[in-house]
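The hints should help you fit chain A onto chain V, whose structure is shown.
Chain order of the listed sequences is V and A.
Quick note, the first sequence lines up with residues 9 to 431 if you use the numbering used here.
Quick note, the second sequence lines up with residues 9 to 431 if you use the numbering used here.
Simulated from the structure, these hints should not be mistaken for lab results.
The list treats identical chains as interchangeable, and a pair is accepted whether it falls inside one copy or across any two copies.
Straight-line distance between alpha carbons at most 30 Å, and here's what the computed DSSO-like set of lysine-lysine pairs gives:
#, residue 1, residue 2
1, Lys156, Lys167
2, Lys156, Lys57
3, Lys156, Lys137
4, Lys57, Lys310
5, Lys347, Lys61
6, Lys137, Lys159
7, Lys269, Lys57
8, Lys156, Lys61
9, Lys296, Lys57
10, Lys159, Lys29
11, Lys171, Lys310
12, Lys57, Lys347
13, Lys347, Lys409
Here the structure is a predicted model, which means the values were calculated and not measured.
Number of protein chains: 2
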Amino acid sequence: MSIKPYILGGAQTDFQRNWTKEGKTFVSMFREIVEDGLAAVGLDYDEIKRLNKENRVGVFVGNFDAEQYANQGHLGAFLTEVHPAFYGVPGGRYEAACASGSVALDAAGTKIRAGDYDVCIIVGLEVMKTVNSAVGGDFLGTAAYYEKEAKGIEFPFPKLFGKLADVIVERNSHVKEDRIMEGFAEISRINYDNAKTNPRAQTRSWFMNKEHANTRGGDYNMAVGGRLAITDCSQVTDGAALMVIASPEYAKEFAKKSGKKLESMSVLKGWGHRVAPMQFVNKVAESKGNDYILPWTRQAVKDAYDRAGLDIDQMDVIETHDCFTSSEYAAISAFGITKPGEEHQAIEDGTIARTGKKPINPSGGLIGAGHPVGASGVRMALDIHKQVTGQAGGYQVEGSKNGIMLNIGGSATTNMTFVIGQE
Amino acid sequence: MSIKPYILGGAQTDFQRNWTKEGKTFVSMFREIVEDGLAAVGLDYDEIKRLNKENRVGVFVGNFDAEQYANQGHLGAFLTEVHPAFYGVPGGRYEAACASGSVALDAAGTKIRAGDYDVCIIVGLEVMKTVNSAVGGDFLGTAAYYEKEAKGIEFPFPKLFGKLADVIVERNSHVKEDRIMEGFAEISRINYDNAKTNPRAQTRSWFMNKEHANTRGGDYNMAVGGRLAITDCSQVTDGAALMVIASPEYAKEFAKKSGKKLESMSVLKGWGHRVAPMQFVNKVAESKGNDYILPWTRQAVKDAYDRAGLDIDQMDVIETHDCFTSSEYAAISAFGITKPGEEHQAIEDGTIARTGKKPINPSGGLIGAGHPVGASGVRMALDIHKQVTGQAGGYQVEGSKNGIMLNIGGSATTNMTFVIGQE
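With the rest of the complex left out, here is chain V (with noise of 0.2 Å):
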């Protein structure tokens, strides 16, 4: 890529929060996320009003579906709720179920490359918990095809899921499948246990080890589909997460201007958007006889590399989406840690750990930070953003140069990726 976005920052949500309980609807976490982004960023309302005054700022928002959710569409336009700033700012809303912050994100990053606008704010946000588990169960299905993956089945994404782990155990013949198994569920205990140093996480006050993450079925770990338990599941979460992107010439600019240093920055430096075939069944099909099991989610990887000059061996951060356990484990080949059939050496040998050479997830990813289905891929690209110039906190790795995200939509649909790093 010839021209890299920076990233000035951003913030995201305690995904903790119940907002329904707290009497809050989506107005509130726009409102919210904005005040907390742009004031973690040093942007401030007037700034805003004079890049418009010019044309040069767009608002970017990720969202899944509002529109069952929180019987709302149009969410483009709903910063002019937040402040009159926002009037006259273009703005619209993106949308590839569980990848729709990285679909946000990508059209951003198109907008300063192409050199429209100096400055881009992307919002991923989702309400869930406005309706009972089994009826967003439902909502959830709409991600798949749902007139024949989705309707009439309770919890359909579970069950999609499940078929991945049990494509990975066939697959994998050369493998015992309590091998498998056991590194699925030591992927749930590090993700459970790197939420625990994330203040923002949702599971940060949970229980979970690996002993719990095995112990499959039953009434204490139950089974949700076929063999993955609720252990092996991301959990129903409210949250946005806010990030703002600029042209180089701005970004150094404001550095300039705000005494905030250019190391406080990083870079968009490539990205991959790949959409396999939607409906799982095909997608088994076509990768049938491929080495990797999901060859688009592989191929999205290796676009985002491409693009940024980069491979694997110079990544020191990795953010994957870890929906489900299953997912997480086909991604470790995708990457590039290991090759396809060996994703369970790189969990058993502490390469994916906080400490080990890949670490992924250090945030705790979807199962232990949550997954606010909208907000999931701005919330994994902030955290790159955060471990690549040292601002992670307690879940920092430490001397992150260049990190790697991986957001899926569907049952490994849509794939999207970014390679962020230091300048």
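Structure of chain A alone, referenced to chain V:
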């Protein structure tokens, strides 16, 4: 704009069709529009495969609310259900209420201008006749601020644009109210008459004349929102539109290889995108004292002219968002056809008629041609493309070289414009 994306062509479905009555879903609609659209352009699946190998083709789906109308999200991935050539092709869904198609087109155009892709396929799509009109009216309410402007209100949008009619009457005290209301009726008549020459228009066989359009209230032309009656409204429509755009290099090469004339293609010369305050009351409060009732609509038009280096003088044809007659009325001055407050003159003296100097909606517009919400932006752009390349058939405005379109979302909240013309 430095690089100007080329429009290779496209297609739209027959907006008279009721897909639910045909026993067909949005998936059938995707299939038909993709097959028709690619055939119209002359782009085959082998070429899409070739482009995708190099990651040079992307898909952009504009859709307002399939979550509610069709219980389905993640529409950006549905072209993989049409044909395996789309396996791996990046795709996303873009939403800004009734301006969703334009947001998709803008994202696609930006990708071309940033040099990311050679070819972008934009599909605008909405199935609306899956529910009855009361339920559908409630769904449409999510394009406004649902909780404050739509909840519990029967047909909220006719009422919102009825309020726009009120403001037009109030702020034009120098014009007799009857004259304004007759102007609205004439707008309706023109759109219906134009639609009769468009073989894909929803109302092409419907009855309308000015006398009927001006008889509001009563059994034959029911009042639906303050001063507005049924004849002032666009109707619930099922439909889709597809457009293919490309980089200048690709377009020229494609013309050579396919034996197409370069004159059958047009270029995206400029765009505008402005978001006004979400709530209609805030729009009215903000524009108090301004020459324009909808200043951000005007600004979006001006931005497109400026980027194109053109003005109203060079516009030979216009497509505007006449969701209601009041929105077309207000757009007349926004386009610069008249000064604010003189809109009625352009209606009365025939300026906006098909044979006038600044013909608006030769296609029939939303009132005549139909308004499948997520498709409208793409359909408008396609119609301007057809006009400036002499391919509009029965509704051709002879000698058109340049045109502009205005697509709005919500109560003129999101405003998107494109200037399209001959290279």
